[in-house]
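Enquirer: For this note's numbering, add 882 to where a residue sits in the sequence shown, where the first one is 1.
I should point out that these hints are in silico values taken from the structure, not numbers from a laboratory. Predicted model only: the values in this text are computed from it and were never measured. Ideal placement from N, C-alpha and C gives every residue a C-beta, glycine not left out. A few of these clues could be false.
Label pairs and their in silico Cβ distance ranges [to be verified]:
#, residue 1, residue 2, range
1, THR918, ALA962, 17 to 23 Å
2, GLU903, PHE958, 29 to 35 Å
3, SER960, ARG923, 26 to 32 Å
4, ALA902, ALA962, 34 to 40 Å
5, GLU940, GLY904, 18 to 24 Å
6, SER965, ALA919, 31 to 37 Å
7, GLU929, THR959, 30 to 36 Å
8, ILE946, GLY890, 27 to 33 Å
Computed list of lysine-lysine pairs in DSSO-like fashion (alpha-carbon distance at most 27 Å, straight line) [unchecked claim]:
#, residue 1, residue 2
9, LYS915, LYS941
10, LYS894, LYS941
11, LYS894, LYS915
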Amino acid sequence: MIVIGGTGEIGKAVIARLRAEGVRAVCASNDVKQETADEMRVDITDEASVASLFERAEKAVGPISVLINCAGVGVFTSIADTSVQD
Numbered sequence: 883m884i885v886i887g888g889t890g891e892i893g894k895a896v897i898a899r900l901r902a903e904g905v906r907a908v909c910a911s912n913d914v915k916q917e918t919a920d921e922m923r924v925d926i927t928d929e930a931s932v933a934s935l936f937e938r939a940e941k942a943v944g945p946i947s948v949l950i951n952c953a954g955v956g957v958f959t960s961i962a963d964t965s966v967q968d
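Generate coordinates for the entire structure from the input sequences, incorporating the hints supplied.
Expert: As structure tokens, then:
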């Protein structure tokens, strides 16, 4: 499991709850201070960075079947009308 935006207020609460329940969740954010198996840097505006995150997370914790997105993005349109660049 990956929580993107895991260092923000909502993300921290999600990570804390998951870990309290015994779930091994990777906290992913652009401001992770030091990378570990449970905390990884990602720039969600960079497709290669996101792909790299999934590769690193799968090596650390196994297959990723759940993604929780707590990262804020400032695109205000229908998701169907957005692109990866947005």
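Enquirer: Hints first: check each against the structure and report whether it holds.
Expert: Going through the hints against the structure:
1. At about 36 Å, the beta-carbon gap between THR918 and ALA962 misses the expected band of 17 to 23 Å.
2. Taking 29 to 35 Å as the suggested C-beta distance range, the pair GLU903 and PHE958 conforms, at roughly 34 Å.
3. Distance hint check for SER960 and ARG923: the Cβ-Cβ separation is about 30 Å, which falls inside the suggested range of 26 to 32 Å.
4. The hint said 34 to 40 Å for the Cβ distance between ALA902 and ALA962, and at roughly 36 Å that hint holds.
5. Checked against the given bound of 18 to 24 Å, the beta carbons of GLU940 and GLY904, roughly 20 Å apart, stay inside it.
6. About 32 Å separates the C-beta atoms of SER965 and ALA919, a value consistent with the hinted range of 31 to 37 Å.
7. Range check, GLU929 to THR959: Cβ separation about 19 Å, and the 30 to 36 Å hint is violated.
8. Take ILE946 and GLY890: their Cβ atoms lie about 20 Å apart, and the range 27 to 33 Å is violated.
9. For the given pair, LYS915 sits about 20 Å from LYS941 by alpha-carbon distance, which is consistent with the 27 Å threshold.
10. The hinted pair formed by LYS894 and LYS941 meets the criterion: a straight-line CA distance of about 23 Å does not exceed 27 Å.
11. The straight-line distance between the Cα atoms of LYS894 and LYS915 is roughly 14 Å, inside the 27 Å bound, and the hint therefore holds.
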